[in-house]
Every structure is written in C-alpha cells, then in structure tokens.
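*Asks:* Each protein sequence line maps, in turn, to chains A and B. Here the first sequence is numbered in numbering that gives the first Met the number 0, starting from 0 and rising by one per residue. Here the second sequence is numbered in numbering that gives the first Met the number 0, starting from 0 and rising by one per residue.
No lab work stands behind these hints: they were computed from the structure. Heads up, some of the hints might be wrong.
With a straight-line Cα cutoff of 20 Å, these simulated DMTMM-like cross-link-like pairs (lysine to aspartate or glutamate) come out [unchecked claim]:
id : chain 1 : residue 1 : chain 2 : residue 2
1  : B       : Lys247    : A       : Glu242
2  : A       : Lys178    : B       : Glu74
3  : B       : Lys186    : A       : Glu210
4  : A       : Lys100    : B       : Glu82
5  : B       : Lys8      : A       : Asp37
6  : B       : Lys115    : A       : Asp68
7  : A       : Lys178    : B       : Asp97
8  : A       : Lys100    : B       : Asp70
9  : A       : Lys100    : B       : Glu98
Across the chosen pairs, the derived CB separations fall in these ranges [stated by the list, open to error]:
id : chain 1 : residue 1 : chain 2 : residue 2 : range
10 : A       : Val83     : B       : Asn99     : 34 to 40 Å
11 : A       : Asn191    : B       : Asp23     : 35 to 41 Å
12 : B       : Gly38     : A       : Phe111    : 28 to 34 Å
13 : B       : Asn99     : A       : Phe111    : 40 to 46 Å
14 : B       : Leu22     : A       : Lys27     : 33 to 39 Å
15 : A       : Phe111    : B       : Glu98     : 20 to 26 Å
Idealized CB from N, CA, C, for every residue including glycine.
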Amino acid sequence: MNQKPEKLIDKKGIRLDGRKADELRSVKVDVGVLSNADGSAYIELGKNKILAAAFGPREMHPKHLALPDRMVLRCRYHMAPFSVQERKSPAPSRREVELSKVIREALEPSIFMEYYPRTGIDIFVEVLQADGSTRCASITAASLALADAGIPMRDLVSACSAGKVDGTIVLDLMDTEDKMGEADLPLALMPNFNAVTLLQMDGNLTGEEFERAVSLAVEGCKKIYAIQKEVLKAKYVSVKEAEE
Amino acid sequence: MSSLVTRVKQKEIAQLIAKGKRLDGRSLTEYREIKVEQGIIERAEGSARVLLGKTEVLVGTKIELGEPFSDTPNEGVLTVNAELVPLASSTFEPGPPDENSIELARIVDRGIRESKAIDVEKLCIEPGKKVFVIFVDVYVLNHDGNLIDASALAAMAALLNTKMPNYEIEEGEVKIKPDYTPLPIRKHPITVTFAKINDNLVIDPWLEEEQVMDARLSMAIEEDGSICAIQKGCSGSITPNQILEAAKIAQDKTKEMRKKLEW
C-alpha cells in the first residue's frame, strides 16, 4: 500500500515526479507494433504502458449486428491482471465496461462510418501497466492504431487529462495524483475540428477551475496530437524509403 | 440508437430547436414536470419514485452489514446498481446488465460519491472489519428519455429517506437494535443532462430528442455551484465553449431546482 505523501506539489510548484503544473509526462509512441493486427500502436505515458490494435473493416460477426448503412465500431478496454498494485481479476469489471463504451464513443466521430456499410472494426486496448489517465493514453493509442490500419478518418483523436491537485490545476495526472488529488478530468479532442469527443470528471471543481481545467486539457491534447502526427509521418516515410 | 421513424423526425426536431422551440412545447432550458415521492416501498430501508415527464424511476435502498474495502477501512460502502427493466421500454431486454445500465449506475454513483454526499465514516462499525453497506438499486420503470437525471434525483431522494439501523456492540458482537436513525447526508448533488442536437444544447432531452441527439452531457452540481461529476455520452462531439456554456446553465438550473426540492 502506498502511503499518502504529505504534499503532492512542493513550494516551488513542482509535482512528485518533478513536473510543472502544465507539463506532460514523457510520451513514447510507436505504430505498427503488432504484425497480425490491421493497425496497432503502443504508448508509454509516464509509467503507463498500453497496446492498442485495430482489426477491420471486416465482416461483422455475429452477422445480425451489422448495419445496412454504416460500419459498426466495437471497442474493448482491458487491464492486465499485473497492471496494477493489487492483482486485477481478468474478467471485465464494470469500470472496464464503461471505459470501453466511452472510448468507443470518443473514437467514433473521427471515423467515416458510412464508408464501409455492413462491416465492423474491432479495437482492442490492453493496459499492460497503469499509471493514471489510462483512458486518455488508450484513446491516443487506439486512434493511431486506426490510422495505422488505413481507415479513413476526419481527424486523429488526442486525449489528455487535467485535474486539481493540492488546490492547483494541473495537466496529465499520474496515478498518485489521480487517487489523492481533488479532481480528475479526462478529455479527448479532434484538434482540427476543436471537437471534444470524450469528457468526464470526478472530484470537485468550481466554475472557474473547471474552465481552466478544460482549457489546460485541450492544450495538452494539442501537444499529444503533434506527437501522434510525428510518429505516423516517421513510419510512413520509412515505409516509402524502403520501397524506393 | 436512431430508428427509421426518428430519422424522418430528426429534421423537424433540429429545425424547431434551431428556432429555440421543442416538439413538446418546452424552452431549450426547461425541464419536464418533476415529481418526487419518498418512502413508497416499506420493505426497503429507503425508497423514492421520480417522475420526469413520463420517465419513471424507482430507487430502493437496502442496508446490510459487510466488510470495508482494504484501502478505506474506516468507511462504509456505497454500491449503486441500475436495472433497465424490460417493462420500461421495448428496447430493454432481460439479462445481465449491459453497458448502458452499467454506465447509468456509474454516473449516479459518481455524483453521490464524488460530492461526498454520504458521511461514510459514520457507517463504520468496527474499523477494517464491520461497516454498513448501502445498496442503491435504480429501477427504471418507464423510459421516456433522460434516465440519468431521473435516476440521480431518485437515488438522492431515496438516500434522504433511508434509515440506518441503530446497533450496540455486546461482547464483540454487533447487535442490531429495532430503532433507526436517518442516514448521515451532507450534500445534495443534482445532475443535469443536456442533449446536443445539431449545434444546440437542450436540457432534459425526452426520448425522441435522445434518439436524434449527437452528444449527451451530464453534470452533477453541488449546493455551492461546484461541479463534482461529468459524463459525456454518445458518438458525437461538443466544443469546449459549449461545455462551459452547459456548466453555467447547469449551475443556474440546479439553483432553481433546489428551491422547489428544498434541498
């Protein structure tokens, strides 16, 4: 059991892991990491280690779930039993069912669903190690997996959390800040449309704090977006070079 | 899920809303009639029925002795469950809870939990060993849209109506006494849900509006206007400005509702 540290932010405004209030943790992303998936991505956000894979568009199974005018997106967010301090049962928890739903709903607006009627896309997200804001890192990775699978999309979806820790509005909560802090606000954004596709919050924020947290999270998403774009470009430049 | 009929209606609903009107005659920031009735199930420790227009939700609470979670040994346990009972809508099917009922339960749970509405430390009998466990069971009896607000309201009303058994400890054994005290309630969060239809926000969407909405946004607001829980739903998006606008409307709306509810 982790004991609560006395202070989550020191007098100089530095957080437990040495970050400033508006600073992201180190982000490492990679695409095309799984050979059997149509698209895949891996993300490390701080100590989060998350794999995402996209399969499809493919024939819908079971068939009766297929829609005549659009494709169906399915998503499973799952945490490995060893991803957290106390072993998590591999059976899907209620939390995972909810997160699978909100992640799917966060990604759906970015996909041209009507391009592939009667088909389905499955997204599988496996959290190998959790360190706070896993749903945001999952969305970021899943959107890259969709792009890697070559699925026509309006925009990438980038996600980042903001929150309140020791009275300060901060960006990208890590595990301890999530658990001990006063509020957590995950947000997903399609940056080119200024469209929020996921928003949740728990804790306590005044109206002004909420405004600050939303704008900080939006800024965080834009930083994540730059990283996503970079990694996609890098991969396809290398594919092109290999062909030449 | 939108059906064929609602696609035909979608245009009409959206056009009306763009003019600031709604099919059922309400303004964009007007709730349907709200009726709250408490203490209607005698066997339950607490109960309430909420009518939100034609939407009807019944919540019953039960209290049992149980063990605390290991990370909160001094706190009682709150468990919220929601049942989308098949008699409430032709789209509800019997069976284990699906993602919609799990999401509904978790939104209701978050509003109560994050506002610290219940003084859970007062539910502790023996730290680390025995606490009261409060089961809040949300029973949707008729679905005419906005199950979230109706359920959150009914859950709070049922908790306010809940009686906690008195007990004494005799030779290390917990003995439940025949009399009761009210549950220690500190806050009264109210959840406000918006539907985004085309580019407009409407409060308290009813069924037909829900069938055509692009996105859904729910916010739980405390007495002081602070926000304690949010959930965006549906496969559409919403702009940051609309989110802030919704928060302001929700703060005003809950102030107005508190006067009527005397919360």
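*Asks:* Does aspartate 97 of chain B sit within 20 Å of lysine 178 of chain A, going by the straight-line distance between their CA atoms?
*Replies:* It is violated: about 27 Å lies between the C-alpha atoms, which goes past 20 Å.
*Asks:* Tell me if the straight-line CA distance from lysine 100 of chain A to glutamate 98 of chain B falls inside 20 Å.
*Replies:* With a Cα-Cα distance of about 7 Å, the restraint between lysine 100 of chain A and glutamate 98 of chain B holds, given a limit of 20 Å.
*Asks:* Range hint 34 to 40 Å: satisfied by the CB atoms of valine 83 of chain A and asparagine 99 of chain B?
*Replies:* Violated, at about 26 Å.
*Asks:* Could one say that the CB atoms of phenylalanine 111 of chain A and glutamate 98 of chain B fall in the range 20 to 26 Å?
*Replies:* holds (24 Å)
*Asks:* Measuring from beta carbon to beta carbon, are glycine 38 of chain B and phenylalanine 111 of chain A in 28 to 34 Å?
*Replies:* Given about 52 Å between the Cβ atoms, the range is violated.
*Asks:* Is it true that the CA of lysine 115 of chain B sits at most 20 Å from the CA of aspartate 68 of chain A?
*Replies:* violated (45 Å)
*Asks:* Confirm or reject the claim that asparagine 191 of chain A and aspartate 23 of chain B have a C-beta distance inside 35 to 41 Å.
*Replies:* holds (37 Å)
*Asks:* Take the C-alpha atoms of lysine 100 of chain A and aspartate 70 of chain B, compute the straight-line distance between them, and say whether it is at most 20 Å.
*Replies:* Given pair lysine 100 of chain A, aspartate 70 of chain B is violated - Cα atoms ~27 Å apart, limit 20 Å.
*Asks:* For the hint 33 to 39 Å, verify it against the beta carbon of leucine 22 of chain B and that of lysine 27 of chain A.
*Replies:* violated (51 Å)
*Asks:* With a cut-off of 20 Å on the C-alpha distance, tell me whether lysine 247 of chain B and glutamate 242 of chain A pass.
*Replies:* Answer violated: lysine 247 of chain B to glutamate 242 of chain A is near 55 Å, above 20 Å.
*Asks:* Lysine 178 of chain A and glutamate 74 of chain B were given as a pair; does the straight-line alpha-carbon distance stay at or below 20 Å?
*Replies:* Given that 20 Å is the threshold and the Cα spacing comes to 16 Å, the pair holds.
*Asks:* Tell me if the straight-line CA distance from lysine 186 of chain B to glutamate 210 of chain A falls inside 20 Å.
*Replies:* Violated, at about 23 Å.
This entry does not satisfy hints 1, 3, 5, 6, 7, 8, 10, 12, 13 and 14, going by the numbered hints stated previously.
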